[in-house]
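Novice: Using the sequences plus the hints, can you model the full thing?
Mapped onto my numbering, the consecutive letters of the sequence shown carry residue numbers 1 to 389.
It is worth saying that the hints were derived from the structure and are not from the lab.
Since the structure is predicted, the reported quantities are computational estimates derived from the model, not experimental observations.
Think of the CB as a built atom: it goes at the ideal place given N, C-alpha and C, for glycine as much as any other residue.
Some hints here could point you the wrong way.
Simulated DEER-style distance windows between Cβ atoms [stated by the list, open to error]:
| hint | residue 1 | residue 2 | range |
| --- | --- | --- | --- |
| 1 | Gln315 | Ala82 | 19 to 27 Å |
| 2 | Lys203 | Ser95 | 47 to 55 Å |
| 3 | Lys311 | Gly165 | 21 to 29 Å |
Subject to a maximum C-alpha distance of 27 Å in a straight line, what follows is the list of computed BS3-like cross-link-like pairs (lysine-lysine) [to be verified]:
| hint | residue 1 | residue 2 |
| --- | --- | --- |
| 4 | Lys256 | Lys176 |
| 5 | Lys182 | Lys169 |
| 6 | Lys228 | Lys256 |
| 7 | Lys134 | Lys203 |
| 8 | Lys145 | Lys216 |
| 9 | Lys304 | Lys377 |
| 10 | Lys147 | Lys182 |
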Amino acid sequence: MFNIVSAIAVSLIALAAESHAAAPNAVSTLEKLRAYGKITLCADRDLLPHSSSKMDPPGFDVEVAQEVAKRLELGIDYKWVAAFKGYRAIRNLYSNDCDIFMGLPNDEEFLEEARRLDVTDAYYTGGFAVLLSKDAPSFDLEDYKTKGVAVDIMTVPDFRLHERGFERKLYYGVEKVIEAMKAGEVQAGLVPALEAGWAAHTKTDLGLRVLDRTEKQYIYPMGFGLRKSEQDLKAAINDVLRNLEESGRLSELRRKYGVVELLPEDGTPPKVANQPVETKVAEAKPDTDSEKTALEADFPSDAKSLDEGRKLYKQACYKCHGPKGVSGGTRPDVRKFKGDHYDMFAVVQAGRLDYGMPAFAEYLTEDEIKQIVVYIKQLPPPEDDYKKH
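Specialist: Below is the structure:
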């Protein structure tokens with residue numbers, strides 16, 4: 001046994017020495033990309049203002065990536081991923097399915113968790129901004145402490161405001177927050193700044209206001225994510241970003257997408273950051289077939305998946321939500337859930353801890369959660385109640 005271990009150790013030492021000797025002649029990442037002719041960006045196909053596969057407009061992240069690729073003398077390819085999967089989406093970098101992943105925080109805590117990744121210098125300052133409705137009377141978030149502040153569920157503000165005794169109103173995404181503001185349910189929110197700025201610029205009729213000041217803990221410099229081993233690519237991208245900043249091109253793109261450059265609170269009164277924007281979003285054209293295909297790919301609804309979903313529902317959900325989603329009244333009737341498959345997936349995965357619902361990501365795989373969602377979504381709606389909603 002000792003001889004086998006010794007032999008392996010000697011082999012590893014020899015291999016390391018060989019690799020070290022070959023290092024000076026190793027081809028850099030940038031050289032490999034130039035030989036191939038393209039750099040591949042991982043992005044979500046439908047997540048404006050970040051990205052859109054329809055390219056009308058392409059999205060802030062995509063346009064910045066295009067500018068960087070052009071200055072590196074590279075073409076650009078896209079791998080469309082589901083950004084809501086978080087770390088699972090970022091794993092495409094680990095598997096070499098893409099070379100860059102936009103909008104990752106240049107933050108010590110993040111880099112400590114994602115040890116094989118690195119992040120370039122920032123191309124914008126992101127984080128969480130105060131979003132106010134047209135009729136909100138105050139710029140001070142404390143004034144809404146008991147009235148309720150809208151937050152995107154399971155984000156940093158959700159936890160931090162809870163710790164500070166704020167009444168929180170929980171929503172799934174900025175669009176839902178805006179719908180609530182439009183309906184008069186809430187006047188103030190603490191939400192992702194890029195999405196808030198975009199909403200204020202493209203929904204000017206709502207009179208939304210985004211403030212440029214926020215607490216330091218909610219500010220993150222956002223850069224390109226890439227593999228830690230590819231420092232030459234990181235240095236090259238940093239050089240290009242510096243040039244884009246100096247030339248004013250980055251500022252142009254920020255204005256186009258309503259990007260709010262967040263500043264830490266310092267006693268200076270906050271200003272409304274959003275200004276009129278020239279960007280026109282193309283009118284959405286129904287593409288029912290492709291939407292159904294994409295949904296089926298993410299949430300298979302074949303007989304086997306439905307049966308597995310039924311079994312899992314019985315194990316994990318039945319006690320609270322009743323047979324076939326028919327609640328006894330103490331818990332929500334899941335058949336009335338207004339969100340789509342993706343919204344429901346997020347709820348089941350993250351839980352609703354304030355309502356006693358655990359985060360099922362700790363107990364179920366993503367595929368199992370999807371099977372539960374597919375099962376619930378095919379349940380017939382409650383006839384009488386459904387007509388009222």
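Novice: Indicate, hint by hint, whether the structure satisfies it.
Specialist: Here is what the structure says about each hint:
1. Range check, Gln315 to Ala82: about 26 Å between beta-carbon atoms, so the 19 to 27 Å window is met.
2. Restraint check, Lys203 to Ser95: a C-beta distance of roughly 38 Å breaks the suggested window 47 to 55 Å.
3. At roughly 41 Å, the beta-carbon separation of Lys311 and Gly165 lies outside the given 21 to 29 Å, and the hint is violated.
4. For the hint linking Lys256 to Lys176, the alpha-carbon distance of about 23 Å falls within 27 Å, and the restraint holds.
5. The straight-line distance between the Cα atoms of Lys182 and Lys169 is roughly 15 Å, inside the 27 Å bound, and the hint therefore holds.
6. Distance restraint check for Lys228 and Lys256: the Cα-Cα separation of roughly 31 Å exceeds the 27 Å cut-off, and the hinted pair is therefore not satisfied.
7. A C-alpha spacing of about 12 Å is found between Lys134 and Lys203, which places the hinted pair at or below 27 Å, so the restraint holds.
8. As the CA atoms of Lys145 and Lys216 are separated by approximately 19 Å, the hinted pair is consistent with the 27 Å bound.
9. Between the alpha carbons of Lys304 and Lys377 the distance comes to roughly 15 Å, so the proposed pair stays at or under 27 Å and holds.
10. Among the hinted pairs, Lys147 with Lys182 is consistent with the structure: their alpha-carbon atoms are about 16 Å apart, no more than 27 Å.
Checked against the numbered hints listed earlier, the structure breaks hints 2, 3, 6; every other hint is satisfied.
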